[in-house]
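Heads up: the protein sequence lines correspond to chains E and B, in order. Using the numbering used here, the letters of the first sequence correspond one by one to residues 2 to 944. Using the numbering used here, the letters of the second sequence correspond one by one to residues 2 to 944.
Hint data in this document are derived by calculation from the structure and do not stem from the laboratory. For each residue, glycine too, the CB sits at the ideal point set by N, CA and C. Honestly, I wouldn't trust all of these hints.
To be verified - Quick partial rundown of chain B residues pointing at chain E, CB under 10 Å, derived from the structure:
1) I344
2) P365
3) N368
4) L447
5) P692
6) S784
7) R819
8) A820
9) E826
10) R850
11) D859
12) M885
13) V918
2 protein chains.
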Amino acid sequence: MAKRTTKKTAGRRKTTTKKAAAPAKVKRAGARTHAPSRGGSVKKKTSRKTVKKVARRSGVSRGKVRSGKMIYYFGSLRTEGDGSMKELLGGKGANLAEMTSIGLPVPAGFTITTKTCGKYYDEGRKLPEGLMREVNKNIALLEKEMGKRFGDESDPLLMSVRSGAAVSMPGMMDTILNLGLTDAAVEGLAEKVGNRRFAFDAYRRLINMFGNVVMGVAHERFEKAFDQLKEGYGVENDTDVSEEGLVELCERYKEVYRLYVGEDFPQDPIKQLELSIEAVFKSWNADRAISYRRLSGISGLEGTAVNVQAMVFGNMGDDCGTGVAFTRDPSTGKNSFYGEFLINAQGEDVVAGIRTPKPVSEMPKWNKKIHSELIKIKTKLEKHYREMQDIEFTIERGKLFMLQTRSGKRTGAAAVKIACDMVKEKLITEKEAILRIPANDLTQLLLPSFDPAAKKGADVLTVGLPASPGAAVGHPAFSAVQAVARAHAGEKVILVRNETSPEDVDGMHSAAGILTSTGGMTSHAAVVARGWGKCCVAGAGAIQIDEERGEFTVNGRTFGRGDMISIDGSTGEVMTGVVNRIEPTLSGDFSKVMRWADKYRTLGVRTNADAPADAERARGFGAAGIGLCRTEHMFFEGERITAMRQMILAETVSDREAALETLLPFQRDDFIGIFRAMKGCPVTIRLLDPPLHEFLPHEEAAQQEVADSLDIDVEQVQKRVAMLHELNPMLGHRGCRLAVTYPEILRMQVRAIVQAAIECQREKVKVLPEIMIPLVGVWQELSTLREQVEHTIAQVKHEQGWKRKLDILIGTMIEIPRAALTADEIARHADFFSFGTNDLTQLTYGYSRDDVGTFLPDYLQSEILSVDPFQSLDQTGVGQLVAMGIEKGRSERKGLKIGICGEHGGDPASVVFCHRVGMDYVSCSPFRVPIARLAAAQAALLD
Amino acid sequence: MAKRTTKKTAGRRKTTTKKAAAPAKVKRAGARTHAPSRGGSVKKKTSRKTVKKVARRSGVSRGKVRSGKMIYYFGSLRTEGDGSMKELLGGKGANLAEMTSIGLPVPAGFTITTKTCGKYYDEGRKLPEGLMREVNKNIALLEKEMGKRFGDESDPLLMSVRSGAAVSMPGMMDTILNLGLTDAAVEGLAEKVGNRRFAFDAYRRLINMFGNVVMGVAHERFEKAFDQLKEGYGVENDTDVSEEGLVELCERYKEVYRLYVGEDFPQDPIKQLELSIEAVFKSWNADRAISYRRLSGISGLEGTAVNVQAMVFGNMGDDCGTGVAFTRDPSTGKNSFYGEFLINAQGEDVVAGIRTPKPVSEMPKWNKKIHSELIKIKTKLEKHYREMQDIEFTIERGKLFMLQTRSGKRTGAAAVKIACDMVKEKLITEKEAILRIPANDLTQLLLPSFDPAAKKGADVLTVGLPASPGAAVGHPAFSAVQAVARAHAGEKVILVRNETSPEDVDGMHSAAGILTSTGGMTSHAAVVARGWGKCCVAGAGAIQIDEERGEFTVNGRTFGRGDMISIDGSTGEVMTGVVNRIEPTLSGDFSKVMRWADKYRTLGVRTNADAPADAERARGFGAAGIGLCRTEHMFFEGERITAMRQMILAETVSDREAALETLLPFQRDDFIGIFRAMKGCPVTIRLLDPPLHEFLPHEEAAQQEVADSLDIDVEQVQKRVAMLHELNPMLGHRGCRLAVTYPEILRMQVRAIVQAAIECQREKVKVLPEIMIPLVGVWQELSTLREQVEHTIAQVKHEQGWKRKLDILIGTMIEIPRAALTADEIARHADFFSFGTNDLTQLTYGYSRDDVGTFLPDYLQSEILSVDPFQSLDQTGVGQLVAMGIEKGRSERKGLKIGICGEHGGDPASVVFCHRVGMDYVSCSPFRVPIARLAAAQAALLD
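Whole structure, please, built from the sequences with the hints as guidance.
Shown next as C-alpha cells:
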C-alpha cells in the first residue's frame, strides 16, 4: 500500500511541476517593462472547437475586414480593428485594438495580419510585395501620434514586436523590445531622458534579444559575456553594474553578435524591424509550434499576426511607475479598487516580489491625477466588459498608459460574491452570473475555516496580507525540498519563505499553507497559491526567517520545525499552535448561487457516501440521494474485519455462511443509518466489489495475527493469500464475479438491505434502496444475479411478515466496455444503469490507475495526452461508450434511469458531458456536490 | 511463471470436465434398449439464430402442417410429417418421420406437436380438449400396424414416451420406456416372449421410471429397495438377480410407489400414457429448462413435442441383437461399411464397452439376411443424405429396425477423404466438399506421426484397434487420478485402462494417448478420444492390466510407470520405448482440399512466427506472410538477455544506448533469417511489447546472478525490479508506452529492421517489412512514434547509402478499446491495422487471461458464458469493436489494409467473422494455417 501511495504522489507531483512551469517561464522571459502579464500564459488548452468558435465569431466582427489590407492600426489617430477580429489580428492584436477603441490610453501601434503570414509562406517565405511599404506608412502614423521618429538620433521612437496567433500557441517567437535603438540613437535617448544607464540597459537588452530571437545566437553567448564583465567589475548582480559597465557591455554584445552572425548589429531601425517581422513569420513554422498544432489538433489557421507597438517605460525616474490592479478584490470579491504599484519600476518588479509594492490607495500621495484617472478607467472597464477586470498600467513621466485588461482571476469566494453583486447592480442576469463562476473554484469555499470561537483565544503572532483564503495548520518548513520531503512522510507543513520563486512550486504544492515575509498580494506566492486554492499569508513583515537554522523569529519569539502554527488566508493572521477548524456551510451568496443553479439545472446530483456522517454532510450540500454506497469499506472495522476474514478463509459454504451471519447485523445497521440520513432519497448500494485478497494482510506478521485471532494455522492464511493472488487483480475475480462464485455473500448483503429497509419503513422513515450489481460484462451475469436478489428480497419480506410495498430497484454499473457495447441486452434485466467511469476509463485506455504513474507524466509532458483521463472524462473515447450505453440501454427500456458514479461526476467538464448525453443524475463526493450542481446549471444554460 | 501455467491448466481441465460430462449422462440414462444414441447429446450450442433458421426452414416444409392437427403419425400405414418440420414436431419427431418416409423400418409411432404443448399452457395447464381422443385414434392405428394391442394382457403393445423440442434442451423430461405393462400384461408378455425374467425386468424399469419421472418419487427410494433385495438374495450385481427376484422387486417397487405417491401404480395403460404426456408438457417449464432457455437466449418456441413410439427389444434372445455402424470408416474415411453389433443385447451394451462387440462384417455368419438388408439401407441412406451416416439398429426376433441415422462424426482425416471421395463419386460438388469438413478437425491431420523408418525397427508388443489416429509416446498411468497428477507435474503419460468411463475424462484429457484392453471402435474411450482428436488404441486384448500394482503384462513382458511406450492410433500398434515422430505435411487429399479452399477464399492467411524455422514451416502450410512477429522472444537467449538486462538496468540514456548497441546485430540477424524464409511475403514486426520487468528475475538467487554477470550490486537489480513492479502489469508500462519513455529502444529495433531489409535486398531477396506499433490508444502515440520510425528509416538508408526504394509500411495494433473507438483518428497515421484480439478481449471483458481461471470455469459451468472468449471471438461485444474499428479506419483511409493477429485468427468461427467484417487477412500459429485457409473458404462460400 505504501508503494501505491508513493507512486500516486509522485505522479501528481510531476504533473504539478508542469502546471506551475508556465508562470515560471513568464517570469524568466527577460525584460517585461512593457506588458507584464503574470500568469498570462497559463491559458486553457485550445481545441479544434475553440478555433472554430473563433472563426465563427470573426464572421460577425465589428471591424471592417478589407481583403488585401495587410496592416491594422490602433491608436488615437485611427483604430481599424476590434476585439472580435481574433482570427485576422490574432488574440493580442484584437485586444489591443479593442482597448484603444473604447478610449483607453494604450501605446499606439499596428498589427500585421495573420493572412499576411499565410502569404509569406505562399510566396516561398518571402515578405509579401508591398508589406514594408505599408509598414512604413503605419510607422509614419505612429510617429505622428507619438511625436517621435523611429530611428531618430536625439529622441528615438522605440518599438516592441510580438507574435500573436488566433489561439495561444507556445513555441512561437518571444517578444523583442526596444527596437529602434542604434549606436547613435542610444546616445540620443540617454540625453533625452537624462539617464544614460537606463538607455544603455535598454540597448544591451535589444542586442541580446535581437541576436538571440531573430538571428539565432545562443542566449548563453551573451550571458557569458555579461558574466565576464561582472567578474571584471567585481559585482555579482546585473543591477549592480554601473552605467559605464553597461556601455561596455553593449560593445561586448555587439562583438558577440558579429562573431556568431557574421555581420554587424544592424544600425538601420527599419532593417531591425523587417528582420524581426520575418522572424515572427518564421517562428510560425518552428518545430515546436508545428508540433504543438499537430498535437493539439489545431489546423486551418493562416498564420500568426505581428504586433508592433510603441514602447513606454515605467523605470525612467521617480515620475514613472508601473502597477497592476483588479477592479474588485480578487480574494473576497468586495467591490473596491484593489491594486498595487511601484515607483520607478518595470512591470515585472511588481510580480516578482523583489520590492514590496504599495497599495493603489496610497497612490494619491504620490500622484493624485493619475489615481483619479485610474479610478475612472476602472469604472469604464467594468461597464464595458460587465466583468471584474485585471489591469496593468505603466506611468511614463506622469502619463498613464493602459497595457492590458482582461477578466480578472479570482478566488471561488470572490467569484461568487462578484457574480451576486453584479446581479444586484443589474450589470448581469442570474443566468450570466451562473455562467461566470468557474464551478471548480467553489472547492475553495468548501474548505474548512477556523472556528471563530477558537480564534478568539488564539495567540496571534502577527498579521500579514490575506493572499489566498483558507485555514492551514502545520509545522514550519523553511525550504521547498524540506517541505516536499516532510509532507511526503505524512507531516503537515507550512512553507515559510521570505518570498517564493518558481523553484519552490513543488514545496508550495506539498505544503498545507504558505507564509511569506515580503511580497504583496500579487507576488509569486500569492498568485500561485490563489491559482491552486491553497491558503497563503504573504508579506508578514514582522517575521524574520533564518533558513539555515530552520527557525523564524517574530516579536522576539522563535519558532522551529517542532512548533505548530496556524495561518488564516482570509485575514492574514499568523497564530501559534493548532487552532480548531470547522466545516464549511452553504450560506449567503453561496447558497443564493446554489438556489439559482437548482432553478436552471435539469440534471440530478447525488453523492458517493459509505457512512451516515458522509450522507448527512452531502444532504447539507444538496445531494438528492446516494449514487454510490460502497459496501466494502464497511467491512474493515474491528469485529467486522475478523468476521470478513473468517468468511474468506472458510473452507466450506456453511462455514462461510456462519461468518456472513456475524457480518449481517453490522451491515444492516450501516444501512439503517444511511437510510435515516437520506430521509427517503434514493440510495444506490453497490454489492461487494473488490477482490477478496484485499481483506487479507500480505505481511507475515499480520498474517500470524489473523491466524491467532481466528485460531488457525498461519499456513492456512498464507495458502489462501497465495490462492487469491492474481497477476492483474483489476481484471480478476471481483465485482459480480464474486457473487457468481460465492452467492452467499450476495444473499447476506441483500438480506441486510431488505431488513434495514423494512425496519426503517416501520419507523416511518421512507426508503428507496437501489441494489447495484457491479462489473457486469455479459447480460447473463445480471439476469442470474438479479434472480437471486429477487429471491432473497421475497424471502426476507416473507420472514419479516412484510406485506406492504417495498420499492427496491435492481440495476447495474456500466464499467466494462462490453457492458456499454451490449447495453441493450443488459437493459432488459436492469432497472437502472450507473456508469462507473473510473473502471470504464481504465479498461477503455488499458491503463491501471495504480500504475499509470509510470508513464502518464511522460504522456502529459510530451502532450500525447492533454489531460489525465481519470480526472476529466475522455469524451472522445470513453464518452463514446457512455453515449452508446445510454442509447442502447434506452432503446430497450424507455426512460431507463441513468447516472454516473465515477469520480468524473464531480468534474465540471464531465458534468456538462453527462447532461448532454442525457443522464438523469451525476454522483460525486460530498464536497463536490455544490460544484456539480453549478456545473449542471451551466450545462443546462449552454444547451 | 510456474503459477501461471498451473492456473491455466487447471482452467482447461475444468472446462474439459464439463465438455465430457454430456456423454456421461447419456450413459447413465437408464435402459437404452430402444434408441442408443451415443454421444448424441453432445450437440452444438443452440443460438437464437439456429432457432430462426429452424423456423425459416419449417416455412418450406414438405409435410402438410394443418392447423388444429395435434398429432402426426409415422409408420408404414401413414406418415404425416417429415424432417423439415422441426419447429412443429421437435427435432426428434421430425427425424423419426423423415426416416420412416424414406422407407426405413422404423418402429412406428406418433408425435404430439409443440403447439399442443403451447395450448396446454394457454389453457391453464390442462390437456387440450380432444387430445386424448386423437391419441386413442393414433394408438388404434399403431395397434393395427404392429398387430398388437396396447394394454393387451396376452401380447401387449409397449410404448416409449420422449420429449423433443425444436432445439435440443437439457432439463426436460427423460425417456419413459415399456409403457403398457401392468400386473396382468407383464404375465402375458412373459408368456408370449417365453422369457419371464425379461418381462419382469421391463416391468420394474417401468415402475421405477414412471414413479420417478412422472410422479416425482426420488430415484433413491427405488434404489434402496433394490439394494435391500439384492442383500436378501446375497448377490451384488443387478444382472445376478434371478427371475424370482425380479418378480419380487416389482412388488417392492409398487409398494414404494404406493407409499410416496399415495395411490397404486396405474394399471390402466391409457392412464399411464396420459400422465406421461402431461409430465412431458410440464417438464417444458421445469426450472432447469426455463433457465437453460433464458441463458441461451432461446425464445419464441411454442413448447415441446411428445414422441410416442412402439418398443422394440434387442435382448429377447439369440435371434435379437443391436448395433451401430458408419456408412464409411469414421477413422480413415475409407468407403467400407463399418460397424459393430452384439447378439441379445441392449443398445447401450455396445457403447459401454462391457462386452466387446463383433464387427458387422461377421454378421453374415449369424444372420445373412439382416446383413444384406443393412447393406442396402446403408447405400440408400448415403444416396438420400449425400453424406456419411451414423446409424443405430436393433434386431427383434429376426426383424431389423432402424432407430437412428444422422451425419456421422469422423476424424479430420476421414472428413477430408470422404469429402474428396464423394466429389469423385459425383455425390457432392467441390464447394459442398469444402463446407463438409469441420475446419477445426484438420488439427488432427496436422499432428505429428511416427517416422516410418523408425517404426520398421520398433518393438511391437501387440496390435489393438486403431480407435483414434495420432502418435503418442509416454509412461503408462493406470488411473485417471494418476494420469492427471503426473501430467500436471510435466510428465507425458499414456492412460492404460481396461475400458474408460465418464469418471476418467480428466485423466484422458491429461494423457498424451489412451490405450484400452477391451471395448471396440465405438467404446467410450474411442468416441471421446476421436472427439478430442486424441490418439487412442482400443481393445488391445493381449494386454493384462494390474491397476493395483501399476503395471501391465503383454505376452509375458511386464511394463510399469517407469517404462516408455509408443502407441499408433492409426494402426493400433503398441510399441516399447520412444519411437521417433515426424512433422506432418500437406499431401494427397489434404492438399487437394487446400487447393480447392484457396480457389474460393478471398481472405488472406498469414502466420504468427518469431523465428526463421517457424516461418519456414508456416510457408509449407501455405501462409502468405507473417502477420505477427513478436520481437520480445528474441531477447531471451544467452548473450541477448544479458544485454537486455544491462539495458533495463542502465541509469542513463547513453548506458542504455550502449546496451542496445549490443543487441542490434542479434536483432538484425533474426530479421534477415525471417525475411529470407518469407521470400518476399510481407512480414509484420511488432516492436517490443511486454513490460520490462518480464526480463528481470524475481528470485533473489537469480537476481544475484544477474548482478554478478553485469558486475553490479544485487541491490541495484532489486531496486530496479521494485521500481518496475506494477499492480496490474497488463494495464501498465508496456507496448508503445515503452517506446514513448525509451525511444532509444524503438530506434534500435527500427535500425535492425532497416539494416536487415537493405542487406536482403542487396542479396536480391525481396522484403516487405511492416513495422507494427503495439498498444496504441490515442492517435498522438502513433503519430509521435511514426515520426521517429520514419526518421530512423531515413537515417539508416542514408548511412547505408541505399538510394533505391524500400517499401516499409508503418501501422498499429488495434487492441485497446479506445483504439477501435477512435480508429478514424488513428487511421490517419497508420498504413495498416492489425487487430490484437487477445488484449482487446481482455480489456473489453475486463478479464485477465492469466487470472481468468479463478472464475471462468464457474462461468462456463453455470452457462453465464457459453464459450471461452479467448478461444472464439466474442462477436457480440469484442466483434462490435472490431467492426467499428474497420469501418472507422476505412472511412478515413480507403482500402486500409486490415488483419487480425490474436489467437482467434486460427479459430474457424472467428475466421468466418473476420471474412464477414471485411478484413484482408487473418494470422495464426503455423499449425492452424490450413485450418484458417479452409475456414476462409467456407466463409466465402457461405457469404
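Hint check, S784/B versus chain E [nearest Cβ-Cβ separation less than 10 Å]: Holds - the Cβ of S784/B comes within 10 Å of chain E, reaching about 7 Å at its closest.
With chain E as the partner, please determine if I344/B meets the hint condition of a C-beta pair closer than 10 Å. violated, 49 Å
With 10 Å as the cut and Cβ atoms as the points, is N368/B at the interface with chain E? This hint is violated: N368/B lies away from chain E, its Cβ roughly 52 Å from the closest one there, beyond 10 Å.
Holds or violated: is there a CB of chain E closer than 10 Å to the CB of P365/B? violated, 54 Å
Closer than 10 Å between Cβ atoms is the bar; does L447/B clear it against chain E? Give me holds or violated. violated, 31 Å
Less than 10 Å between beta-carbons is the criterion; does E826/B satisfy it with respect to chain E? holds, 8 Å
Is the shortest C-beta separation between D859/B and chain E less than 10 Å? Where the cut-off is 10 Å and the nearest Cβ of chain E is about 5 Å from D859/B, the hint holds.
Can you verify the interface hint for R819/B: is its Cβ closer than 10 Å to any Cβ in chain E? holds, 4 Å
Chain E contact restraint on R850/B - CB to CB distance below 10 Å: holds, 9 Å
Cut-off 10 Å, beta-carbon criterion: hint that V918/B touches chain E: violated, 15 Å
Interface hint status, A820/B versus chain E (Cβ within 10 Å): holds, 9 Å
Holds or violated: is there a CB of chain E closer than 10 Å to the CB of M885/B? holds, 9 Å
In this structure, the earlier hints numbered 1, 2, 3, 4 and 13 are contradicted, and the remaining ones agree with it.
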